[in-house]
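Could you put the whole structure together from the sequences, leaning on the hints where they help?
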Amino acid sequence: MLVHRRLLDTDPGYPDACADIENFTYWRRVPARQAVVPIPVVVHVVWQTGSQNISDAQVHSQLAVLNPDFRATNPDLDRVPEVWRPLVADARLEFALATVDPAGEPTTGIVRARTAVPAFDSDDAVKSAATGGSDPWPADRYLNIWVCELAGGLLGYAQFPGGPPATDGVVVLHRGFGTTGTATAPFDRGRTTTHEVGHWLNLRHIWGDDGDGCHGSDFVADTPNQAGPNLGCPTFPSVSCENGPDGDMFVNYLDYTDDACMMMFTTGQLARIDATLAGPRASLLSMAGVTPDG
Amino acid sequence: MAEPLPPALFRRWVRAREEEEAGGPRVYRPSGYPLPPARGRDGIELRADGTLLEWTAGPVDAPVRSAPGRWTGAGPARLRLFPVGGEATVVELVAATDDLLQLRWP
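First to last, the protein sequences are chains A and B. In this text, residue positions in the first sequence follow the numbering used here: the first is 1, and each later residue adds one. In this text, residue positions in the second sequence follow the numbering used here: the first is 1001, and each later residue adds one.
It should be emphasised that the hints constitute simulated quantities derived from the structure, not laboratory data. Yeah, the Cβ is synthetic: ideal placement off N, Cα and C, and Gly gets one too. Just so you know, nobody snuck in bad clues.
Going by beta-carbon spacing under 7 Å, a handful of chain B positions derived as facing chain A:
#1 LEU1035
#2 PRO1036
#3 PRO1037
#4 ALA1038
#5 ARG1039
#6 GLY1040
#7 ARG1041
#8 GLY1058
#9 PRO1059
#10 VAL1060
#11 ASP1061
#12 ALA1062
#13 VAL1064
What follows is the structure, given as structure tokens:
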């Protein structure tokens, strides 16, 4: 089931919310945010078998990827082709497992829920205890990450800003989460979560979600126009849609390459992230005492 | 009159690129088959009433279904696909069993 399309069809407020967010994002002309914004995270480990009940260490290994990726301090940045190095952006976000739960009590930021569901689909059942999952923490204060078994080889999925709070957050297959434990190559470097959190911050796929066409856009000017997604690990340059000589930016987190082959956000993507934090996710800024353009 | 198409054909199939060989047919496994994780598996669904549905990874990575297109027979082991918004294509039905579909694109 398609999350974005389903919400467009079933949530009467969602299309207007998306349009408002896009208008706000398009017309926003401000300098890049300087303040580093802390994002409290709750990880819901939803498990049926022992291996799905991933260790705290595996959860921590994911945070240890997410943070350098969103601060442009990831050690593989030196693999970005020379032509795109000036575009590499520090998103100035710092993710930390929550230390206080919604009731004000101390927490590890990790919730464990046993389920009878062998594998979840992308129908959001994992996001509610009533359907075998785990209820979200308030989405205006926490980034919810559900880690579980997913059916059909799905690595993860997200929800754009503007959707229902009850399903806000990202879902990641436990075998694609973190860098240790059940994490399995070639998705064992934590980049599925980086990609999904990118969507949570309103980033689109860099090929424009138009199949293999050249007309779709990610609404970001500094990611080259590209046909379909790149899979695996292409060699530079990978040309499509007459975007030579440099070709597709397959090293971008919002392409579909293997974990080892994606390692950057761009300045244009950062502008969308900033707009998201000044707009639909502004509650996270005010919680941190940060002004939108601070 | 072409020979009847195998009933196993009519279901939702998920692309298994890892099982394909260069120059060979596209390989699909039934929805629910234990495929390894992959970013963006596409798929195809043929219904006995002539409906064609295509599946791709959507904007937030969950699989999305196309608007209904059509398919018809096109001679022995040949199908003519009419995807919505795309060109009609004749594909060769190489195999259709309970757990394997192989289609050769021109």
